[in-house]
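In terms of full-length UniProt numbering, the numbers along the sequence shown are unbroken and rise by one, the last being 348.
Because the hints were derived from the structure by calculation, they are not lab data. It should be emphasised that the depicted structure is a prediction, and the values quoted were computed from it without experimental measurement. Just to be clear, a hint being listed does not mean it is correct.
DSS-like mimics (lysine-lysine), calculated; alpha carbons at most 30 Å apart, straight line [to be verified]:
#, residue 1, residue 2
1, LYS235, LYS176
2, LYS176, LYS262
3, LYS219, LYS235
4, LYS219, LYS58
5, LYS58, LYS176
6, LYS219, LYS262
7, LYS219, LYS271
Label pairs and their in silico Cβ distance ranges [to be verified]:
#, residue 1, residue 2, range
8, TYR4, TYR290, 40 to 48 Å
9, PRO337, PRO50, 24 to 32 Å
10, ASN2, VAL53, 26 to 34 Å
No residue lacks a Cβ here, since even glycine has one placed at the ideal position from N, Cα and C.
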Amino acid sequence: MNPYILSTLLFGLGLGTTITFASSHWLLAWMGLEMNTLAIIPLMAQHHHPRAVEATTKYFLTQATGAAMLLFASTTNAWLTGQWDIQQMSHPLPITLITLALALKVGLAPLHSWLPEVLQGLDLTTGLILSTWQKLAPFALLLQVQPANSTLLIALGLASTLVGGWGGLNQTQLRKILAYSSIAHLGWMILIIQFSPSLTLLTLLTYLIMTFSTFLVFKLNNSTSINALATSWAKAPALTSLTPLILLSLGGLPPLTGFMPKWLILQELAKQDLAATATLAALTALLSLYFYLRLSYAMALTMSPNNTAGTTPWRFPTSQNTLPLAISTTATLLLLPLTPAATALLTL
């Protein structure tokens, strides 16, 4: 792609998200979300592959539906209450509609079906943008919609953690596994959003760091399926030994960074007398952990000729910049001791 066009599109992505962050009026927020969607569409379809075009079409239709629903709900809110301010929502009908519209935009279950299909059709770089940056603007709005529909948010959260764990069990394609991983992590964020918005932000931040690391590892190995992952030891032995730790951090195992948000969320849910919800969420995390372990096993514990059928690649020196991967991997593995500092920042 022409670097000038690429710069313009990336600027559009940044501007759309920034407008949504800065807006207090529903129309401005909607405009920011629309800019976001329109800026990423050429990036998604840039390879002109039939699957990429199909994924782009699916993404456009779902985002357009979510945006139309958001616009309808905010207009209904203005009609019922006479004002457009995001933080002054009072009627339950527009609140519920807006929550569902934003759930569709980020891919929360049961409105998640588009996310694995879209991510599977994209290359890893665009998939990374879709899984990280594109979640920020809708979450900024979800954090501002108060008072939220409590039962709806808990139902969406539990459904997402369950679907995110269950859906990934049978997958062999890494991008689909990452899509289900994304759904599960979003579920954890939505569970806690009404009780501790700052904890939601912390979970979102750790999710961004861990997902960034995982996508960069797959991109460096140029692997899109478990079979391709099983031969990565021939390309980057040191990275292959670290990758299972990155995956287990995504799964939420101590003493890795991914354990921090899960630990704090379960603690907060117990404080709110939601022990059953916390137990269910913790059990669904085991489902996700299974497919992370499966990836770890395929990558680090199988060696040719005992691995899944795949040809061992040549060990060409990589031309990719590995500094971002080194920084994000360090953050993914070693931030748990900073939990007291994180909790102190959350209570400010």
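Hints the structure violates: just list their numbers, smallest first. Violated: hints 7, 9, 10.
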